[in-house]
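Engineer: Chain by chain, the residues:
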Amino acid sequence: MTVALGVLVALSLLGAGCGAAATPEVVEKEVVVEKPVVQTVVVEKEKVVKETVVETVVVEKEKPVTVKETVVVEKEVVKEVEKKVVVTATPAPVEQVLIGGFDVGPGGDWMAKPYHAGAGNIWRSKIFSTLVLMSKDFTEHVPGLAVSWEPNDDYTLWTFKLRKGVKWHDGEDFTANDVKFTAELLAGPDAATRNQFVANPSNVVGWQEKMDGKADEIAGIQVVDDLTFTVELIRPDPRFYDNCRSSYILPEHAVDFTTADYTTTDWFETRPIGTGPFKFLNYEKDQYMELVPNEYYWNGKPKLDKLVNRYFVDETAAVLALISGDIQFTYVSGDVANRLKDDPRFQLFEGPSYVSNFLIFNHRRPWWQDKRVRQAVLYAIDVPTIIEQVYLGAAVQIPSPDPYPAFWPENFNTYDYNPDKARELLAEAGWDSSRQMEIYTYYSSQLAKDALAAFQAYLAEVGINAAPVAMEPASWRQIINSGDWDIAYRGFGAGPANFPSVWYHSTRPDRVMGDDGVTYYGWNLPELDALLDAMDAALTPEEFRAARIAVNKYFNEEALHGWIWVSTRYGIASAKVKDFWFFPAPGGGPIEEHPELWYIGE
Amino acid sequence: MGRYVLRRVLINIPVLLVVTMIVFALAVLAPGDPLDQYINPELGTTKADLVHLRAKFGLDDPLAVRYVKWLAQTLRGNLGYRYKTGDPVGEILWLRLKNTLLLMGISLFLGTIIGVTLGVFVSLRQYSFWDFSLTGLSFIGLSMPAFIAGIFGLYVFSVRLHLFPSGGMWTIGKPHTVEDLLYHVALPACTLAIFSLTTYMRYTRFSMLEVIQQDYIRTARSKGLKEHTVVLRHALRNAMLPVVTIIGLSIRGLVAGALFLETIYSWPGMGSLFMDAVTARDYPMIMGINLVSAIVVLGANLLTDLAYSVVDPRIRYD
Chain A
1 MTVALGVLVA
11 LSLLGAGCGA
21 AATPEVVEKE
31 VVVEKPVVQT
41 VVVEKEKVVK
51 ETVVETVVVE
61 KEKPVTVKET
71 VVVEKEVVKE
81 VEKKVVVTAT
91 PAPVEQVLIG
101 GFDVGPGGDW
111 MAKPYHAGAG
121 NIWRSKIFST
131 LVLMSKDFTE
141 HVPGLAVSWE
151 PNDDYTLWTF
161 KLRKGVKWHD
171 GEDFTANDVK
181 FTAELLAGPD
191 AATRNQFVAN
201 PSNVVGWQEK
211 MDGKADEIAG
221 IQVVDDLTFT
231 VELIRPDPRF
241 YDNCRSSYIL
251 PEHAVDFTTA
261 DYTTTDWFET
271 RPIGTGPFKF
281 LNYEKDQYME
291 LVPNEYYWNG
301 KPKLDKLVNR
311 YFVDETAAVL
321 ALISGDIQFT
331 YVSGDVANRL
341 KDDPRFQLFE
351 GPSYVSNFLI
361 FNHRRPWWQD
371 KRVRQAVLYA
381 IDVPTIIEQV
391 YLGAAVQIPS
401 PDPYPAFWPE
411 NFNTYDYNPD
421 KARELLAEAG
431 WDSSRQMEIY
441 TYYSSQLAKD
451 ALAAFQAYLA
461 EVGINAAPVA
471 MEPASWRQII
481 NSGDWDIAYR
491 GFGAGPANFP
501 SVWYHSTRPD
511 RVMGDDGVTY
521 YGWNLPELDA
531 LLDAMDAALT
541 PEEFRAARIA
551 VNKYFNEEAL
561 HGWIWVSTRY
571 GIASAKVKDF
581 WFFPAPGGGP
591 IEEHPELWYI
601 GE
Chain B
1 MGRYVLRRVL
11 INIPVLLVVT
21 MIVFALAVLA
31 PGDPLDQYIN
41 PELGTTKADL
51 VHLRAKFGLD
61 DPLAVRYVKW
71 LAQTLRGNLG
81 YRYKTGDPVG
91 EILWLRLKNT
101 LLLMGISLFL
111 GTIIGVTLGV
121 FVSLRQYSFW
131 DFSLTGLSFI
141 GLSMPAFIAG
151 IFGLYVFSVR
161 LHLFPSGGMW
171 TIGKPHTVED
181 LLYHVALPAC
191 TLAIFSLTTY
201 MRYTRFSMLE
211 VIQQDYIRTA
221 RSKGLKEHTV
231 VLRHALRNAM
241 LPVVTIIGLS
251 IRGLVAGALF
261 LETIYSWPGM
271 GSLFMDAVTA
281 RDYPMIMGIN
291 LVSAIVVLGA
301 NLLTDLAYSV
311 VDPRIRYD
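Chains A and B supply the protein sequences, listed in that same order. Residue numbering for the first sequence follows the numbering used here, beginning at 1 and increasing consecutively. Residue numbering for the second sequence follows the numbering used here, beginning at 1 and increasing consecutively.
Don't read these hints as lab results, they were simulated from the structure. Glycine residues also receive a C-beta, built at the ideal position from the N, C-alpha and C atoms. It is possible that part of the hints are untrue.
[To be verified] Computed list of lysine to aspartate or glutamate pairs in EDC-like fashion (alpha-carbon distance at most 16 Å, straight line):
id: 1; chain 1: B; residue 1: K56; chain 2: A; residue 2: D261
id: 2; chain 1: B; residue 1: K174; chain 2: A; residue 2: E388
id: 3; chain 1: A; residue 1: K576; chain 2: A; residue 2: D343
id: 4; chain 1: A; residue 1: K285; chain 2: B; residue 2: E91
id: 5; chain 1: A; residue 1: K371; chain 2: A; residue 2: E95
id: 6; chain 1: B; residue 1: K174; chain 2: A; residue 2: D326
id: 7; chain 1: B; residue 1: K174; chain 2: A; residue 2: E95
id: 8; chain 1: A; residue 1: K421; chain 2: A; residue 2: E461
id: 9; chain 1: A; residue 1: K306; chain 2: A; residue 2: D335
id: 10; chain 1: A; residue 1: K553; chain 2: A; residue 2: E527
[What the hints assert, rightly or not] Have a look at the derived ranges for each label pair, beta carbon to beta carbon:
id: 11; chain 1: A; residue 1: K214; chain 2: B; residue 2: G58; range: 21 to 31 Å
id: 12; chain 1: B; residue 1: R314; chain 2: A; residue 2: S482; range: 38 to 48 Å
id: 13; chain 1: A; residue 1: D216; chain 2: B; residue 2: R54; range: 25 to 35 Å
id: 14; chain 1: B; residue 1: A48; chain 2: A; residue 2: T230; range: 19 to 29 Å
[What the hints assert, rightly or not] Only some residues are given here: those of chain B computed to face chain A with a beta carbon under 7 Å:
id: 15; residue: P31
id: 16; residue: L154
id: 17; residue: S266
Construct the complete structure from the given sequences, taking the supplied hints into account.
Structural biologist: What follows is the structure, encoded as structure tokens:
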């Protein structure tokens, strides 16, 4: 009797669930469909800029530039005929709603609030726009809200031209005043966020005065006319445009909070106004955000009727939602990508993470000051084999901390697996094989654990005892900042026009951490400092490239750290989503991905 | 009784203070810095920036000063803002608490009703087919990691059978209705209920078996009482005491949430919030969560003690 009751309760609950689960009715109809299909073709071609078209040229000094311009050609394609049985019917329009886990994975951050976190650009850039964008593969700077940027002769004054015809989501015109407003909104003695309008803001004339409350405006940012503004710099910066790729512009007429309230305002999740392709509709805190098309978008109204970001704490949950059809896109890790790549229901997007992973050595320890010991670590680990067997090929070996192959020296030393040579070098250096070390890391994925276990085994082979210890990032950073550690495993990001030398320079005043006179990693190498200074001072792209290669050559030869790889990252979208683009750019971009062209096909 | 409750509440106030003090000290002394997330070398975060932020958040004050500041602010009903997101702590707590109470409440309810019922059922049929199979199955329930159970549930009922949604609380783009909420809560709540019901079933079974052998049960039977009166009024009521203790201890879970299942079912509850706050060293949020948890635990202990007197008339509080 009692069990019958229990079973009844359980069944009725299950039944209630089933009843509520209104599975979409699928009626198979055999129809003849005759419809002209308008297909959108995106053609990339070398720069063809007409006089009448808004110029999209990146001008870099002393260099004839060819810029890839995306031209959208709409053309009518042949009539598509499907014939089965003669029953004529109009095909039901496909619901143009795209739901994705846009903040799953390392590029994600749940807050669509600009200037708050380094990551999260994938979603943020759907609502707000930046001055400068990165190309779809994250290798070049392309126009965002600014269509051109030109320096003066000594690279201390940059003139930005803005795109014509850009409107805010509420129909107001976007002008250069909004740019100046945004820069000044973020700066002040009571500034709530330290992520500023541009990277390295202290180089902008008048920024420090505004920060200190000694000035009401940033003197170095001047509005010339509605579509032109200038930025004056204290020191020359030949690559200042790179500092503007996270410069999201906010509307002067619609922002109703102050500098001090920037982080605590609810404006960003209740009434944000941007210039991006989609505008805000609804936000369910920590669950999802719904966007609808911005009818004023400069490149045309988006094709989707709704774009939704669903928040997932866990990648597995997102993958299950993707497979069940509840969402149409998510970031996935390598093993999932491998499993789903041949599944016709999905399309795979992949690219380098542009984050280098390597073993860092604490040069405060005397044994790491010996180049032979550092090189022995590299000779001891068979990186290509680990890439092949653990990462299933989804990583590329690196010569230095630089994740960009364009800046790698030719024929760099790959330190091919050679345990005998490693032992020899260690013997020469008088290595004490009874020394026990711990490899601290904040990477917690299974893949990282497997890789670290492999490092441990390879190192043990040659008499280096290093046991991996995984911890959460806060504790990791505390230990590394304390300077009391032997060896650790970390990631390091860089951009195509930006290699953060602050990490490796012994004396630069603005370096992030490190005791006086040494770097974060405890070394003091005047030779490297000079190479880094030369790189930062390089004027033309060619000079910059040559200087950056020289830096990498030094890193490679000296084996300052144990350079390992740049891993590949993946995203998976439903095959029904057309003209979609995802690239695993660091922090999610922002990149030129044209979400206004995405649509859901059959 | 009234005086007893009042005395207990008054004793709980210093206990609560000590708990918040300890948690505050532990949170602050744990390695890591809430400013870590603001360090972005690519954007040129400098030491000066960190000094500014440190001052803004009052992170340089001595531990005791920071605690008193927090307490003074909290007593005025202001729990502060999250370091990580800037969200008001009180609002977020209320939002997450509602979600967790719903999920955990339903699962605790199901777990208790089904668990106790099954416990009584098998205790009356010791060493029968039902006893062996249900006790055996309960081992699976007890030993299965929550994360695996969650993934399994999601895979079978959502991905394969399409009976339930793949997590979340609401159908995106649809108006919020009770039906929609039940549709979303059913799968995570049932998964969670499996864990509690197996525990309650085993406790009830064990406790019942012990009581049934007592003399007064034989007396009741020999008086000619009906079997269900013997079981429900004489045996079950006496057997419930340890079960009530266990259920009382589970009440804590009503606000603590279930980290793994909330994570896998994308249920925005307290478990995942706490994890997020601790990872980011988000002290205001950590303290907010702990305050609520401490109050609930103290309250639940009081309620459990009061429930004893209902279940066992020999227990009296004066």
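Engineer: Could you run down the list of hints and mark each one as holding or not?
Structural biologist: Here is what the structure says about each hint:
A hinted pair counts as satisfied when its Cα atoms are at most 16 Å apart, and B:K56 with A:D261 qualifies at roughly 13 Å. Among the hinted pairs, B:K174 with A:E388 is inconsistent with the structure: their alpha-carbon atoms are about 46 Å apart, more than 16 Å. Between A:K576 and A:D343 the alpha-carbon distance is near 13 Å, which keeps this suggested pair within the 16 Å criterion. Simply put, A:K285 and B:E91 have alpha-carbon atoms about 11 Å apart, close enough for the 16 Å limit, and the pair holds.
At roughly 62 Å between alpha-carbon atoms, A:K371 and A:E95 are farther apart than 16 Å, so this suggested pair is violated. Between B:K174 and A:D326 the CA atoms are separated by roughly 14 Å; this keeps the pair inside 16 Å, and the hint holds. Distance restraint check for B:K174 and A:E95: the Cα-Cα separation of roughly 14 Å lies within the 16 Å cut-off, and the hinted pair is therefore satisfied. Restraint check for A:K421 and A:E461: the C-alpha separation of about 12 Å stays at or below 16 Å, so the hint holds.
Distance hint between A:K306 and A:D335 is unfulfilled; the C-alpha atoms sit about 30 Å from each other, more than 16 Å. Distance restraint check for A:K553 and A:E527: the Cα-Cα separation of roughly 12 Å lies within the 16 Å cut-off, and the hinted pair is therefore satisfied. For A:K214 paired with B:G58, a C-beta distance near 24 Å keeps the hint of 21 to 31 Å intact. At roughly 59 Å, the beta-carbon separation of B:R314 and A:S482 lies outside the given 38 to 48 Å, and the hint is violated.
Judged by the Cβ atoms, the range 25 to 35 Å given for A:D216 and B:R54 holds: they are separated by roughly 26 Å. Evaluation of the 19 to 29 Å hint for B:A48 and A:T230 yields a pass: the beta carbon distance comes to about 26 Å. A distance limit of 7 Å between C-beta atoms decides the matter here; for B:P31 the minimum to chain A is near 4 Å, and the interface restraint holds. Nearest Cβ of chain A to the Cβ of B:L154: about 5 Å, under the 7 Å cut. The hint holds.
At about 5 Å, the closest approach between the beta carbon of B:S266 and any beta carbon in chain A falls short of 7 Å, and the interface hint on this residue holds.
When held up to the earlier numbered hints, the structure conflicts with 2, 5, 9 and 12 and fits the remainder.
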